[in-house]
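> Sequence:
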Amino acid sequence: MDLQSLAEIILVVHLAWILWVIFGAFWTRGHPFLTGLHIASILWGILVELTPWPCPLTLIEQFFEASAGISPYHGPFLLHYLDAIVYPEISESLLAYFGVAVCTANLAVYFWRFERFVRSGKSRTNNR
12 MDLQSLAEII LVVHLAWILW VIFGAFWTRG HPFLTGLHIA SILWGILVEL
62 TPWPCPLTLI EQFFEASAGI SPYHGPFLLH YLDAIVYPEI SESLLAYFGV
112 AVCTANLAVY FWRFERFVRS GKSRTNNR
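Residue numbers (my numbering): 12 to 139.
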């Protein structure tokens, strides 16, 4: 497998990771392990957005792209368009704001689920 293919694979994995962080709450209901994994993913996403820590997937992508001699937006079709999706041309501060907002919305879903779980437990206890 050549370095360009590895760069493409990492970019697809990165896109999947972003979709997991954004939409993971839809797939975790009734799955405690996935819920824990998604909450950890959300917290990691917030840390990466609010701190100077780089995302490991970004570093791996950059390594393989540089090693393959690919410069941003000049590579093959797949790299060009997935790059535009994963790294939209908006300001970093706005991107960070949207990222944290999406993560906060996901955490709100988990809080709401937890609150419903606690209430349903109290109503069963009161009915006994």
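It should be emphasised that the hints constitute simulated quantities derived from the structure, not laboratory data.
Cβ coordinates follow ideal geometry from the N, Cα and C atoms, glycine included.
Do not rely on the hints blindly, as some may be mistaken.
To be verified - Ranges between beta-carbon positions, derived for each pair:
#	residue 1	residue 2	range
1	Ile-20	Ser-104	16 to 22 Å
2	Leu-30	Arg-124	18 to 24 Å
3	Ala-77	Ile-101	21 to 27 Å
4	Trp-31	Gln-73	35 to 41 Å
5	Arg-130	Thr-69	36 to 42 Å
6	Arg-127	Ile-20	23 to 29 Å
7	Gly-41	Ser-102	36 to 42 Å
8	Pro-67	Glu-103	31 to 37 Å
9	Ala-116	Phe-44	30 to 36 Å
10	Leu-26	Leu-58	16 to 22 Å
11	Tyr-121	Ser-78	38 to 44 Å
> Give a verdict on every hint.
Okay, the hints, checked on the actual structure:
As the Cβ distance of Ile-20 to Ser-104 is approximately 30 Å, the hint placing it in 16 to 22 Å is violated. Between Leu-30 and Arg-124 the C-beta distance comes to about 20 Å, which sits within the given range of 18 to 24 Å. At roughly 24 Å, the beta carbons of Ala-77 and Ile-101 sit within the given window of 21 to 27 Å. The hinted window of 35 to 41 Å between Trp-31 and Gln-73 is violated, with their beta carbons roughly 21 Å apart.
Take Arg-130 and Thr-69: their Cβ atoms lie about 41 Å apart, and the range 36 to 42 Å holds. Taken as a hint, the range 23 to 29 Å is violated for the pair Arg-127 and Ile-20, whose Cβ atoms sit roughly 39 Å apart. In this structure the supplied range 36 to 42 Å holds for Gly-41 paired with Ser-102, their Cβ-Cβ distance being about 39 Å. The beta-carbon spacing between Pro-67 and Glu-103, approximately 18 Å, falls outside the hinted interval of 31 to 37 Å.
Distance hint check: the CB atoms of Ala-116 and Phe-44 are about 22 Å apart, inconsistent with the given range 30 to 36 Å. For Leu-26 paired with Leu-58, a C-beta distance near 20 Å keeps the hint of 16 to 22 Å intact. A C-beta distance of roughly 39 Å is found between Tyr-121 and Ser-78, which places it inside the suggested range of 38 to 44 Å.
This entry does not satisfy hints 1, 4, 6, 8 and 9, going by the numbered hints stated previously.
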